[in-house]
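So you can see what is in the structure, the chains are spelled out below.
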Amino acid sequence: MTRLFVNGMASISPQPENIFNTGLPETFNENILPALDQDYKSIIKPMTLRRMSQGVKMALFCSKRALLEAESDKPDAILVGTGQGCMQDTEKFMENMLVSEEGLLSPTSFIQSTHNTVAGQIALDLNCNGPNMTFTQNSVSFESALLDAMLQITDEDFNNILVGGVDETSKEITGFQKLDGQIKEEKINNLHLFRSKTTGTIISEAAAFFILGKHKTPKSYAEMLDVEIFNAIDISDLNSSVLSFLNRNGLTVSEIDAVILGKNGDLRFDLYYDKIQKGLFSDICQIGFKHLVGENNAVSSYAFWLASKILKEQTVPEIFKLNTINCTKPGFILIYNQYLGRNHGLTLLRSI
Amino acid sequence: MSDLHTELKRSIIEQLNLEDMEVNEIENDEQLFGDGLGLDSIDALELIVLLEKDYGIKLTDPNQGKQIFNSINTMADYIEKNRTR
Chain A
1 MTRLFVNGMA SISPQPENIF NTGLPETFNE NILPALDQDY KSIIKPMTLR RMSQGVKMAL
61 FCSKRALLEA ESDKPDAILV GTGQGCMQDT EKFMENMLVS EEGLLSPTSF IQSTHNTVAG
121 QIALDLNCNG PNMTFTQNSV SFESALLDAM LQITDEDFNN ILVGGVDETS KEITGFQKLD
181 GQIKEEKINN LHLFRSKTTG TIISEAAAFF ILGKHKTPKS YAEMLDVEIF NAIDISDLNS
241 SVLSFLNRNG LTVSEIDAVI LGKNGDLRFD LYYDKIQKGL FSDICQIGFK HLVGENNAVS
301 SYAFWLASKI LKEQTVPEIF KLNTINCTKP GFILIYNQYL GRNHGLTLLR SI
Chain B
1 MSDLHTELKR SIIEQLNLED MEVNEIENDE QLFGDGLGLD SIDALELIVL LEKDYGIKLT
61 DPNQGKQIFN SINTMADYIE KNRTR
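As they're listed, the protein sequences go chains A and B.
Per the UniProt record's numbering, the first sequence starts with residue 1, numbered consecutively.
Per the UniProt record's numbering, the second sequence starts with residue 1, numbered consecutively.
Because the hints were derived from the structure by calculation, they are not lab data.
A couple of the hints might just be wrong.
From chain A, some residues computed to sit far from chain B (all C-beta separations above 10 Å) [as the list claims (entries may be wrong)]:
no.	residue
1	F28
2	I32
3	E95
4	L104
5	T108
6	N132
7	D148
8	T154
9	F194
10	T199
11	D234
12	E255
13	D274
14	E318
15	I352
On the chain A side, residues computed to face chain B include the following (Cβ under 8 Å) [stated by the list, open to error]:
no.	residue
16	P46
17	M47
18	R51
19	I111
20	S113
21	P317
22	K321
Just so it is clear, CB atoms sit at the ideal spot from N, CA and C, and this is done for glycine as well.
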């Protein structure tokens, strides 16, 4: 079987990347969290940058930094997971339609409103003619891209694949998620998210991109072993599904050193996480991240970034911990994420 | 510089998101595409929409575009002669 190593990575989120070392989080008292601004002009040409929405900017910036770290000029394939795509441009052209009474519309925002704009813009910038795929599968969009990476890397001509997850917020459309209770009614301090006893969560924008290569390098962070997606799963079947996933990788629960959970403070759906926190993984180091970076359809890519970082640095920062169990020498990390009780993803990584 | 030249430069900066650019940084005879300002084909579409929306000019022959959108001067000349609003 072809192996997959994380050879370069970068993330943008509501938290700085160095939170891993400083443990000092940004705090927010609102329920829609913006990503921290970056010096985009430092690596993206201003004439290219001017038309980019937040999602495209974040994705391209992370892609270029990940490539730089992996010392690669161009990937053999580009695989992007995005649940909601380029919402800012969608919103812009829909507003234009209203204002112009369906008259003359500016073409740029329409052209750039599709989900695959992100992967397309990355390819244009990198001059990459390899496979270019966009996966839009709600909260398993990034996991779907990972699955494809496992398939693509079996091509004997491929060595490095760029895989990432990105979702942006937009002024009006993100606000719609309040209407069906996806966003909490009351304003909440993000650091208190897991104490919340109400429905909904905090929504954010974020991106994390990775160079997955078939060869280990001195800079490699971790090895990705496996990924599985369940579009629907009954809570009573969760344990057996996790066990069977571990089993097919030759592992038992006791061999997992830490589990990263997509717990998001939504009273209705954190039950899934509660079940394995109190059951299967009660004696294992439990890690959360959505109290820091919020929720979005591609935020499991941040969990993948976090797992890779933990496995390389061999430490779990306190700010991410959900329990007091120590993890002194992380070897295997399991990521479990779902959203609204649907689209569950399991991802397994190990140290190298 | 006529009001139309200045107005055109302002519209172009705004419509094409040339955020870091000021009106006085665009020369009247500077090429808008290629080696000059460096605009591209998506910008050309935006300029076609701008002509129709702001000046009521509908370009029927795409080949005209190359000449009309050569510079601010050529755009202003064409607008003066053909505007309906």
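Now the hints, each set against the structure:
The claim that F28/A lies off the interface holds: its Cβ sits roughly 27 Å from the closest Cβ of chain B, which is beyond the 10 Å cut-off. With a least CB separation of 24 Å from chain B, I32/A remains clear of the 10 Å interface cut-off, as annotated. Residue placement check: E95/A keeps its beta carbon more than 10 Å from all beta carbons of chain B (closest about 15 Å). L104/A, annotated as away from the interface, has a beta carbon of chain B within 10 Å; the closest lies near 5 Å.
For T108/A, the non-interface assignment is contradicted: its Cβ lies about 6 Å from the closest Cβ of chain B, within the 10 Å cut-off. Look at N132/A: its CB is around 19 Å from the nearest CB on chain B, clear of 10 Å, so calling it non-interface holds up. Distance check for D148/A against chain B: the nearest CB is about 29 Å away, which clears 10 Å, and the non-interface claim stands. Residue placement check: T154/A keeps its beta carbon more than 10 Å from all beta carbons of chain B (closest about 37 Å).
Non-interface call for F194/A relative to chain B: holds, since the shortest CB-CB distance, roughly 40 Å, exceeds 10 Å. At roughly 39 Å from the closest C-beta of chain B, the C-beta of T199/A stays outside 10 Å, upholding its exclusion from the interface. With a minimum CB-CB distance of about 48 Å to chain B, D234/A clears the 10 Å threshold, and the non-interface call stands. The beta carbon of E255/A is kept farther than 10 Å from every beta carbon of chain B, the shortest such distance being approximately 52 Å.
Distance check on D274/A: its Cβ is at least 47 Å (rounded) from any Cβ of chain B, clearing the 10 Å threshold; non-interface status holds. For E318/A, the condition that its CB be more than 10 Å from all CB atoms of chain B holds, with the nearest at approximately 41 Å. Under the 10 Å C-beta cut-off, the non-interface status given to I352/A relative to chain B holds; the minimum distance is some 43 Å. For P46/A, the shortest C-beta to C-beta distance to chain B is roughly 6 Å, which falls under 8 Å, so the interface hint holds.
The interface hint given for M47/A holds, since its Cβ lies 6 Å from the closest Cβ of chain B, which is under the 8 Å cut-off. Nearest Cβ of chain B to the Cβ of R51/A: about 6 Å, under the 8 Å cut. The hint holds. With its C-beta approaching chain B no nearer than about 7 Å, I111/A sits inside the 8 Å limit, and its interface hint holds. Nearest Cβ of chain B to the Cβ of S113/A: about 13 Å, over the 8 Å cut. The hint is violated.
With a least beta-carbon distance of about 37 Å to chain B, the hint placing P317/A at the interface is violated under the 8 Å criterion. At its closest, the beta carbon of K321/A sits 42 Å from a beta carbon of chain B; the interface hint therefore is violated under the 8 Å criterion.
The structure shown violates the earlier hints numbered 4, 5, 20, 21 and 22.
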